[in-house]
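Novice: Work out the full structure: start from the sequences and follow the hints.
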Amino acid sequence: GAVVSQHPSRVICKSGTSVKIECRSLDFQATTMFWYRQFPKKSLMLMATSNEGSKATYEQGVEKDKFLINHASLTLSTLTVTSAHPEDSSFYICSAPVDGPMGYTFGSGTRLTVV
Amino acid sequence: AQTVTQSQPEMSVQEAETVTLSCTYDTSESNYYLFWYKQPPSRQMILVIRQEAYKQQNATENRFSVNFQKAAKSFSLKISDSQLGDTAMYFCAFMKRPSGTYKYIFGTGTRLKVLA
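Protein sequence lines, in the order shown, are assigned to chains Y and R. Position 6 of the first sequence, counting from 1, maps to 6 under this note's numbering, and the rest follow consecutively. Position 90 of the second sequence, counting from 1, maps to 90 under this note's numbering, and the rest follow consecutively.
Don't read these hints as lab results, they were simulated from the structure.
Derived DEER-like restraints, expressed as beta-carbon distance ranges:
1) Y:Lys-41 <-> R:Asp-26: 22 to 28 Å
2) R:Leu-47 <-> Y:Glu-63: 28 to 34 Å
3) Y:Ser-18 <-> R:Gln-14: 47 to 53 Å
4) R:Glu-29 <-> Y:Thr-57: 17 to 23 Å
5) Y:Leu-74 <-> R:Leu-47: 21 to 27 Å
6) R:Arg-111 <-> Y:Gly-103: 20 to 26 Å
7) Y:Ile-12 <-> R:Ser-80: 37 to 43 Å
8) R:Thr-3 <-> Y:Ala-72: 31 to 37 Å
From the three backbone atoms N, C-alpha and C, an ideal C-beta is built for every residue, glycine too.
Specialist: The following block contains the structure:
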């Protein structure tokens, strides 16, 4: 089946540095990618929607300058956490539609720890 | 605004038994989709089952089935013959149709533990 490959799976960075998370669609073209954040034992919170060739759409309350999203091609979307702080520590997941509304595929997630 | 409510934060069930996870949602839409996702300790989101709102017949996938009550806006998941591998966090999700860009709205989740 269609797969979204997400890297890295875990990353530890120092406060003030930037971290890039990549999601690549394998064997299909992802014109849209959704980015979620999940706190421990909590639900998935949609952060933004990236579309190939256009600016990302951010959900209310999500800082655009903190979470930079780029959809460089039909198979690659990236989320960059800029000037990371400990409160940005979380689990980040990407997801892309594969079968219209009936099926999205999710990346395996990235656990970000900012120290 | 659409909301999805899962009223059971945690549940447990004995292996081989049946368990039902509840989910209610609120929407003014008539056409939409409902899903149950499983998130095991690996954190990978896995689709369990999906239901189109215009279909009255309840969806079934092997040991997993749903009880879809559209008028009551209820979408419960029944797991039969529970297995240890079913231990996971389960999220109910709503997606409206059509909507330009489809987006999931997830419930708060139910942590299910299957006991040996």
